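Chains A and B are the protein sequences, given in the same order. The opening residue of the first sequence carries number 1 in UniProt numbering; numbering runs sequentially from there. The opening residue of the second sequence carries number 1 in UniProt numbering; numbering runs sequentially from there.
Hint data in this document are derived by calculation from the structure and do not stem from the laboratory. It is possible that part of the hints are untrue.
As the list claims (entries may be wrong) - Here are the simulated SDA-like pairs of lysine to any residue, each with C-alpha atoms no more than 25 Å apart in a straight line:
no., chain 1, residue 1, chain 2, residue 2
1, A, K275, B, P243
2, A, K317, B, P243
3, A, K191, B, V31
Keep in mind the model is a prediction, meaning the values are calculated, not measured.
Protein chains: 2
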Amino acid sequence: MGLKSFVEVPDDSHFPLENLPYGIFRPKAPVGGDPSQAVAAPRPGVAIGDSVLDLSAISSAGLFDGPLLSNSQCFNQPSLNKFLAMGRPAWKEARATIQKLLSLIKQNEVEMVLPVVIGDYTDFFSSMYHAKNCGTIFRGPENPIPTNWFHLPIAYHGRASSVVVSGTDVIRPSGQGHPVSSSSPYFGPSKKLDFELEMAVIVGPGNELGRPINVNEAYEHIFGLVLMNDWSARDIQAWEYVPLGPFLGKSFSTTISPWIVTLEALEPFACDAPKQEPHPLSYLAEKKHMNYDIPLEVWIKPAEHEKAAIVTKSNFKHLYWTITQQLAHHTINGCNLKPGDLLGTGTISGPEKESLGCLLELTWNGQNELSLNGSPQKFLEDGDEVIFTGYCKVCY
Amino acid sequence: MGLKSFVEVPDDSHFPLENLPYGIFRPKAPVGGDPSQAVAAPRPGVAIGDSVLDLSAISSAGLFDGPLLSNSQCFNQPSLNKFLAMGRPAWKEARATIQKLLSLIKQNEVEMVLPVVIGDYTDFFSSMYHAKNCGTIFRGPENPIPTNWFHLPIAYHGRASSVVVSGTDVIRPSGQGHPVSSSSPYFGPSKKLDFELEMAVIVGPGNELGRPINVNEAYEHIFGLVLMNDWSARDIQAWEYVPLGPFLGKSFSTTISPWIVTLEALEPFACDAPKQEPHPLSYLAEKKHMNYDIPLEVWIKPAEHEKAAIVTKSNFKHLYWTITQQLAHHTINGCNLKPGDLLGTGTISGPEKESLGCLLELTWNGQNELSLNGSPQKFLEDGDEVIFTGYCKVCY
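With the hints as extra help, turn the sequences into a complete structure.
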């Protein structure tokens with residue numbers, strides 16, 4: 001049985017009262033309004049059905065009356081970072097208060113903006129199926145997964161400045177592409193533009209430099225999850241990535257969803273994470289080794305098509321390394337995480353052909369074609385709209 | 001002939017009136033003072049000899065009377081980012097005004113702090129000698145330099161949160177080390193802690209997402225240079241870096257000098273950069289292909305020694321890819337740079353055995369020993385103080 005509310009939420013909404021994801025929005029300027037008028041300030045909100053609860057209004061009206069939030073300015077901010085820094089007790093208090101509240105704005109009357117100031121963005125590589133497929137494509141079928149992969153959650157530093165909110169146009173990047181045999185490298189717009197189906201952690205309080213976070217306390221440092229598209233230019237990436245890893249093949253844009261779904265909301269969907277063999281080193285061996293059962297889909301709508309076509313169905317639960325293991329590993333060397341940091345999971349591929357998380361895998365580096373409503377396609381074309389969805393539902 | 005000033009600057013000072021490097025400082029609390037008193041706010045300053053010019057005081061007194069700075073609050077800030085965003089005309093106006101001014105505080109009466117809020121930190125790999133030596137050590141003497149290296153300035157995203165100002169203690173990181181043959185990976189404090197001799201660009205105005213910076217305009221986006229130590233744990237790095245590049249082997253600390261030396265101050269020391277063969281692609285072919293002649297030294301002072309010992313003498317001019325080429329390459333895919341971003345050059349090694357920029361190269365991955373005032377040493381020991389210097393001098 002879902003929670004009851006006087007707010008009408010359609011049964012198939014991604015945002016029932018049990019979810020309450022956080023985002024930053026501003027009311028849209030009225031159509032035909034005075035263009036000289038100042039744009040409304042961005043502010044925190046929570047999504048309910050097709051509406052947004054304005055947390056700055058709720059806060060200014062004194063409705064956050066709990067001990068942690070009653071005197072806080074954390075919701076009178078243009079980003080969530082101040083709220084994130086307060087940690088789980090404040091997050092729980094906010095959730096309890098909001099579940100009793102009301103003041104809603106229609107989501108189609110607001111514009112969503114980036115919810116956090118991202119200090120650093122890290123991207124992991126935690127799906128075994130993705131690691132195996134990429135290894136086979138780039139390095140051949142013998143030992144496609146590097147030896148270190150089963151011992152540690154591999155990751156690289158990504159580019160924070162080019163993280164954008166869903167709906168932002170992505171410009172096809174130019175760069176050097178992998179030359180054929182010994183010819184000179186190709187230069188021009190990328191011919192192998194791809195999406196990567198990921199989710200990402202939004203970090204809460206974080207740690208001081210030199211003080212690692214224990215794997216069994218990592219949960220307290222994770223505010224919630226967003227959907228993430230780690231757009232990739234495969235031709236640029238293939239040429240530049242030896243020996244220091246991905247750089248311009250990734251840094252032209254990374255899209256995250258405007259709503260941060262909290263771990264509280266995801267709790268009913270927790271499930272066992274895959275058994276790990278070899279057993280991880282003690283700093284990665286966690287008492288609760290859990291994933292979440294979050295079905296994920298990717299759809300593509302080509303510019304001239306009326307409807308989007310589904311291209312993959314995967315699930316967050318396929319991740320081999322959990323988000324708590326990722327966070328503990330990230331800090332074991334003393335590296336400091338800050339409120340609002342973004343930790344991507346890496347592409348989430350499943351075991352089946354229909355559950356692969358990027359076009360590189362789905363078309364086997366352009367060797368095969370997909371069918372989008374009957375039209376053949378290999379990599380992304382100009383005007384394509386790429387749609388990610390993730391939606392948990394309890395079965396009664 | 002140097003500029004004349006009533007300020008006495010010793011002949012061998014790194015900070016003559018021609019230099020005027022920028023930093024952020026706060027006056028130290030008086031010894032024995034009231035500990036309940038608020039710590040003084042950080043503010044911008046310029047170094048002259050052993051003194052600091054307090055730019056917030058100068059600005060509040062109305063002494064910046066030029067058209068760009070007279071009504072600006074850019075020096076009443078705890079970081080330089082606002083000033084950096086204003087671009088070269090403002091930087092030139094500030095330099096001209098400061099060269100006429102006076103109000104000085106002794107450097108030993110202030111505490112220097114991180115001069116910029118670093119949004120993103122990128123590290124390049126632009127010394128051919130370093131690339132060749134690392135390739136030989138890690139992958140063997142056949143084709144030690146990857147094919148792509150001569151076509152593009154290779155780089156990776158680094159960790160911005162763990163960049164600290166010179167003088168900050170560095171804690172030896174723990175992590176997984178490369179296992180011997182097929183044994184399990186080692187876990188514990190790094191046994192191969194290293195320095196890397198680098199310099200780094202501090203970015204000025206930068207660019208919008210999707211709008212690359214032309215290589216011949218890149219100079220206008222570079223405010224100045226700092227010394228940088230990209231501390232590295234070689235055992236952690238060697239095990240984790242395949243296939244996505246360096247991560248925890250680097251992210252535990254990166255040290256930059258507190259003073260940013262401007263390109264205006266370095267102009268007299270400009271010199272030709274190495275001829276590039278193959279000729280770079282047109283987006284990297286620059287009209288002025290220049291380096292700076294900046295002699296660099298690294299000294300190590302072990303805890304129990306009275307004196308530091310010199311371990312290398314290199315020079316900024318050894319870089320194969322120039323800082324303007326690095327910046328243009330970084331943005332060619334549309335990636336946006338922001339005021340205060342940090343772009344490291346990579347380890348600056350020279351051609352001679354005595355000019356190698358890290359212990360990995362100097363000891364050939366621990367196969368050889370260095371002599372520090374007669375004591376043998378391979379990697380960094382607890383308590384070692386690592387000192388970088390860079391100092392240009394005109395020969396009259």
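Do the hints match the structure? See the list:
no.: 1; hint: A:K275 to B:P243; verdict: 24 Å, holds
no.: 2; hint: A:K317 to B:P243; verdict: 24 Å, holds
no.: 3; hint: A:K191 to B:V31; verdict: 64 Å, violated
Comparing the model with each earlier hint shows a violation of hint 3 alone; every other hint is respected.
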